[in-house]
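As a plain string of letters, each chain reads:
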Amino acid sequence: MPQLDFSTFLPQIFWLCISLSFLYIVLSRYALPRVSDVIEERKDIIAQDIDSAKEYSEESEKTTEELNLKLSEAKVNSQNLINKSLQDIKEDNEIKKSSLIKEINNEISEAEGDIKEKKETALDEISSISESLAVEMLENLSVGKIDKEKVTSLSKIDN
Amino acid sequence: MASSDHTGDQHGASSFPADPMHQFEIKRLLDINIAGFDISFTNSALFMLIAVFIISFTTIISVRKNSIIPSRMQSIVELSYEFVADMVRQNVGSQGKNYFPFIFTLFMFVLFLNMLGMIPYGFTVTSHIAVTFALAMLIFIGVTVIGFIKHGLGFFGFFVPKGVPIFMLPLLVVIEVISYFTRPISLSVRLFANMMAGHTMLKVFSGFVILMGFLGGWLPLAVMVAFTGLEILIAFLQAYVFAILTCIYLNDALHMH
Chain A
1 MPQLDFSTFL
11 PQIFWLCISL
21 SFLYIVLSRY
31 ALPRVSDVIE
41 ERKDIIAQDI
51 DSAKEYSEES
61 EKTTEELNLK
71 LSEAKVNSQN
81 LINKSLQDIK
91 EDNEIKKSSL
101 IKEINNEISE
111 AEGDIKEKKE
121 TALDEISSIS
131 ESLAVEMLEN
141 LSVGKIDKEK
151 VTSLSKIDN
Chain B
160 MASSDHTGDQ
170 HGASSFPADP
180 MHQFEIKRLL
190 DINIAGFDIS
200 FTNSALFMLI
210 AVFIISFTTI
220 ISVRKNSIIP
230 SRMQSIVELS
240 YEFVADMVRQ
250 NVGSQGKNYF
260 PFIFTLFMFV
270 LFLNMLGMIP
280 YGFTVTSHIA
290 VTFALAMLIF
300 IGVTVIGFIK
310 HGLGFFGFFV
320 PKGVPIFMLP
330 LLVVIEVISY
340 FTRPISLSVR
350 LFANMMAGHT
360 MLKVFSGFVI
370 LMGFLGGWLP
380 LAVMVAFTGL
390 EILIAFLQAY
400 VFAILTCIYL
410 NDALHMH
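The listed protein sequences correspond, in order, to chains A and B.
One point on numbering: in the numbering used here, the residue at position 125 of the first sequence is 125, and numbering is uninterrupted.
Just so we're on the same page, the numbering used here is the position in the second sequence counted from 1, plus 159.
Bear in mind the hints are in silico, worked out from the structure with no lab data behind them.
Note that this is a predicted model, so its numbers are computed, not measured.
Heads up, some of the hints might be wrong.
Simulated coverage check for chain A against chain B, where a stretch passes if three residues somewhere in it have a Cβ under 8 Å from a Cβ of chain B [stated by the list, open to error]:
| id | region |
| --- | --- |
| 1 | 2 to 16 |
| 2 | 25 to 33 |
| 3 | 125 to 139 |
Derived lysine-lysine pairs resembling DSS-like cross-links, with alpha carbons at most 27 Å apart [as the list claims (entries may be wrong)]:
| id | chain 1 | residue 1 | chain 2 | residue 2 |
| --- | --- | --- | --- | --- |
| 4 | A | Lys62 | A | Lys84 |
| 5 | B | Lys256 | B | Lys224 |
| 6 | A | Lys43 | B | Lys309 |
| 7 | B | Lys224 | A | Lys43 |
Glycine included, every Cβ here is placed at the ideal spot set by N, Cα and C.
Here chain A stands alone, though its shape is the one from the complex (with noise of 0.2 Å):
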């Protein structure tokens, strides 16, 4: 059994030495001390992002509620103004309205007396019609001078 052949113990015990303590030292001094450098960096990092990501996170839900009131501040302002802008219409509507009828039964009542005045002065007018064509009806069937004033007063009998 080589493992058992004393001979070899020292040659293999010194070299184990010298390729640990190598090793040693190339790892604690120069190695390890980088490895551990970018793993605590890399975990800064993290942890910075995680916490800048929580913020942006708070932030982002605050202006959610703020753009939720102002959304419902806004829809309340809203609807105040279309009722507003309703009422306005509708008193306005009113106003125009009663303006409209009082012109229409001014104009109506205008109308009427034209109509009066008209029929007045139509009827005055037919009686002078016929008074001058019943004159000249006469004048041309009979052959003497006929009274006019007697046509006149007989018309106005007729009337």
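Assemble chain B onto chain A, guided by the hints.
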């Protein structure tokens, strides 16, 4: 065919196609002798240096850029870092931070020595009791020294279990002392025996493949393939066990239980 099998068994390892222990032989590649001490450069030393080179090279290359978004190599190094760091954190606690570089070195060193042994024609450094026992003694002495520095003479209290009737104490203290001093033996033999047994087994099966020829060799070959997978698992597992036991011993020394 059957008769040749028979003679092969009777004549033992000499006519067996592959001597299973041959792979563990230490070959002197370069004879060095300083002040009467034989410190020859052997194949064992070569594979230790290869492991050291691979580990240092990989880690140095991967941390040279050191980017926040890691490359593949850097990911591997970071994963192994986190793996060992978790192991130390869980078994030793926050005080173990100072000893993390040593545990990491130990784990990577043993892991790579075990894995290099899985490469065909490779040499398994950890299959030698000299190496594993030297490692175990280093850990044992180191941990004991740490215990005495931390607790002074109070560290002897480690051998006195708490909440035990007084008449039982002499027996239990003896048991505790024995179990403490057998730690390096169990630690080193566990690693060495696992590595040696696995590789011997693989070699024996590979011998069977040749012996049983083209017709019968397929079965031992299939077993070998499966066994290679298992050996790779064991190579990792033993490195892990070695490191985690070191953590547990360290924890005992730091906190006493």
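Going down the list of hints, with the structure as the test:
Closer than 8 Å: that is the beta-carbon criterion, and the region 2 to 16 of chain A has 14 residues meeting it against chain B, so the requirement of 3 holds. Residues of the region 25 to 33 of chain A with a Cβ under 8 Å from some Cβ of chain B number 6, which satisfies the need for three, so the listed coverage holds. Evaluation of the coverage hint for the region 125 to 139 of chain A: breached, as 0 residues show C-beta separations to chain B shorter than 8 Å, against a requirement of three. Straight-line distance between C-alpha atoms of A/Lys62 and A/Lys84 comes to about 33 Å, which puts the hinted pair past the 27 Å bound.
For the hint pairing B/Lys256 with B/Lys224, the CA-to-CA distance comes to about 25 Å; that is within 27 Å, so the pair holds. With a C-alpha separation of about 32 Å, the suggested pair A/Lys43 and B/Lys309 falls outside the 27 Å cut-off, and the hint is violated. Proposed proximity of B/Lys224 and A/Lys43 is supported: the alpha carbons are some 18 Å apart, at most 27 Å.
The structure does not agree with the numbered hints 3, 4 and 6 stated previously, though it agrees with the rest.
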